[in-house]
Amino acid sequence: MCGIVGLLVKKHEHREKLGEWMTPMFTCMAARGSDSGGMAIFGASLGQRERRFSLFARDRGYDWENLKASLLRRFDGSRRETARMETRANHAVLVSSIEPATLRAWLKDAAPSLHVLSVGQAIDLYKDMGDPKEIAVRYRFAEMAGSHCVGHTRMATESDVTPVHAHPFTAGEDFCLVHNGSLSNPYMLRRTLEKRGIAFETDNDTEAACRFIEWRLAQRDTLANALHHAFRHLDGFYTLLMATADQMTLVRDQFACKPAVVAETDDYVAISSEFRSLAHLPEISTAHTFEPEPEEIYSWTVSAPR
Amino acid sequence: MDSVGASVKLDLAQTTLRKVNHFLQHELGKEPAGTVEILNPAGAHNIAVGLDAPVDVHIRGHAGYYVAGMNKRATVTIHGNAGKGVAENIMSGVVRVKGDASDGTGASGQGGLLVVEGNAASRCGISMKGCDIVVGGNVGHVSGFMAQAGHLVVCGDAGAGLGDSLYEAVIYVRGRTHGLGADAREEPLTDADRATLAELLSAAGFDYDPGAFTRIGSARTLYHWNAEHREAYG
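Chains as they are written, first to last, in this note's numbering: chain A, 1 to 306; chain B, 1 to 234.
The shape of chain A in the complex, shown without the other chains (with noise of 0.2 Å):
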């Protein structure tokens, strides 16, 4: 199974309410995978010379403390790198004007068992092994402010169980993608981006969908282009659930055998694997409630800030 959410809040006032208004959406969606779950959150994006970096640690009692010191000492800031982390358990998230290779390659030796799980100037994300309503109150799910957040609740049927293996996934920098389906060639995406150089870090078949859609991203396709790239050469079933700093966007494959439901009113776009997570939601009862059609593309813009 697996379960998908989203919510984009259209007005600003409702920035604060982003996470109260999501955790319940996921929290009921752990009856649809009760093995991982992870959120990634969109805020306002950073100035030009920095990025954000989540960071994840398998041990929950990791030092965060001394992973910032051996940062400064490294990055003295002599050279005007900034660095500001803000650390909820097993997760961090770095601020940093470091470039994300230089900072990749420093982790990889100061901090090996470290993963960095999104790179961007408006995500951080979240995600775990374990049931998704302990992972909401483990990483606070409910205090998260931004104009949009993507969740995801495991229930695997193809690679292992691990953190890393938890979606959502990302490539490159603001772009995340949730997948509830199974996809039955990702292998031969995988051969075929590995090609062109571009790394893997699991052998998930979400992961090969996202670093293919991110590719052509790459390569100045228009998300909806990609798309058209993806619905020919993702083979399997798929409902994908997107985001980039300032979008949120949702796609079925040509069978829609796997659910989904958009909910929109004034205030909100909400999207779940199932109406029941959208329940309690304000004005809920009055929204426009439908189901996407299988390959249309259906995809909402974060309102300018003010």
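Everything labelled a hint here was simulated from the structure, so no lab data went into it.
Take these hints with a grain of salt, some might be off.
Simulated restraints, written as ranges between beta carbons of each label pair [claimed, not checked]: (1) B:199 - A:255: 31 to 41 Å; (2) A:60 - B:178: 30 to 40 Å; (3) B:9 - A:199: 57 to 67 Å; (4) B:22 - A:156: 49 to 59 Å.
Chain A regions said to be covered by chain B (calculated; three or more residues, Cβ under 8 Å) [stated by the list, open to error]: (5) 98-107; (6) 285-294.
Where is the CB? At the ideal position from N, CA and C, for every residue including glycine.
Given the coordinates of chain A, work out where chain B should sit on it, guided by the hints.
What follows is chain B alone, placed relative to chain A:
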């Protein structure tokens, strides 16, 4: 449970679904049981499944998967949308969805009437075995797949692959069909078809001209193994 005369209100915000379904399945008398209102369904799955009593059930809001599944004799109205498999395997009675229905609507239904006033998604009437389904709006792709008996009436448009591998069920479409499935074909609309349509449309509460529908039936070429096609199965 608030009971006034023959009318009962069950609030799913206050009572568990198991208790509500137990009441509907086991605690209604043998006499016509009046009206049961189910409040706050909140998209829960399996509401009012397995009923076997002449009761009138109103679900006030959106329901989840398999609502009114296996229905016998009861009249169940969903005042909202329904999830996957509404009235799955319906045996008799009437199930009405005031909003839209998700996929697999009326799957394998054996008797009774299922009305969707809005749209029904993919695979509507899949493997139906004698029930009647009337959809006020459109139906999604591969509707009527392997349908064996009964009638599927579509007042709007039908998605691709309509009636794929159809047996003896008959499909009527008033709008546009985006492609027929394997072995489905258009057939002339007879007087008997018009009479059937008039009866079903009237029962469903739609005022359309039966003459405006196209009949889709089975060409029956898939009924038997054709040895000449064996290469196709290599």
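Legend entry - Range agreement (Cβ of residue 255 (chain A) with Cβ of residue 199 (chain B), hint 31 to 41 Å): holds (34 Å)
Legend entry - CB-CB spacing for residue 199 (chain A) and residue 9 (chain B) relative to the 57 to 67 Å hint: holds (60 Å)
Inset, instruction - Mind taking a look at whether chain B covers the stretch 285-294 of chain A? Criterion is 3 or more residues with CB to CB distance under 8 Å. - result: With 6 residues close enough to chain B, the hint holds.
Inset, instruction - Would you check chain B against the stretch 98-107 of chain A, counting CB to CB pairs closer than 8 Å, and say if three or more residues qualify? - result: violated (count 0)
Legend entry - Pairwise beta carbon distance, residue 22 (chain B) to residue 156 (chain A), judged against the given window 49 to 59 Å: 35 Å Cβ-Cβ, so the 49 to 59 Å window is violated.
Inset, instruction - Mind checking the hinted window 30 to 40 Å against the Cβ distance between residue 60 (chain A) and residue 178 (chain B)? - result: Violated - the Cβ-Cβ distance for residue 60 (chain A) and residue 178 (chain B), about 53 Å, lies outside 30 to 40 Å.
Going through the hint list in order, the structure does not satisfy hints 2, 4, 5.
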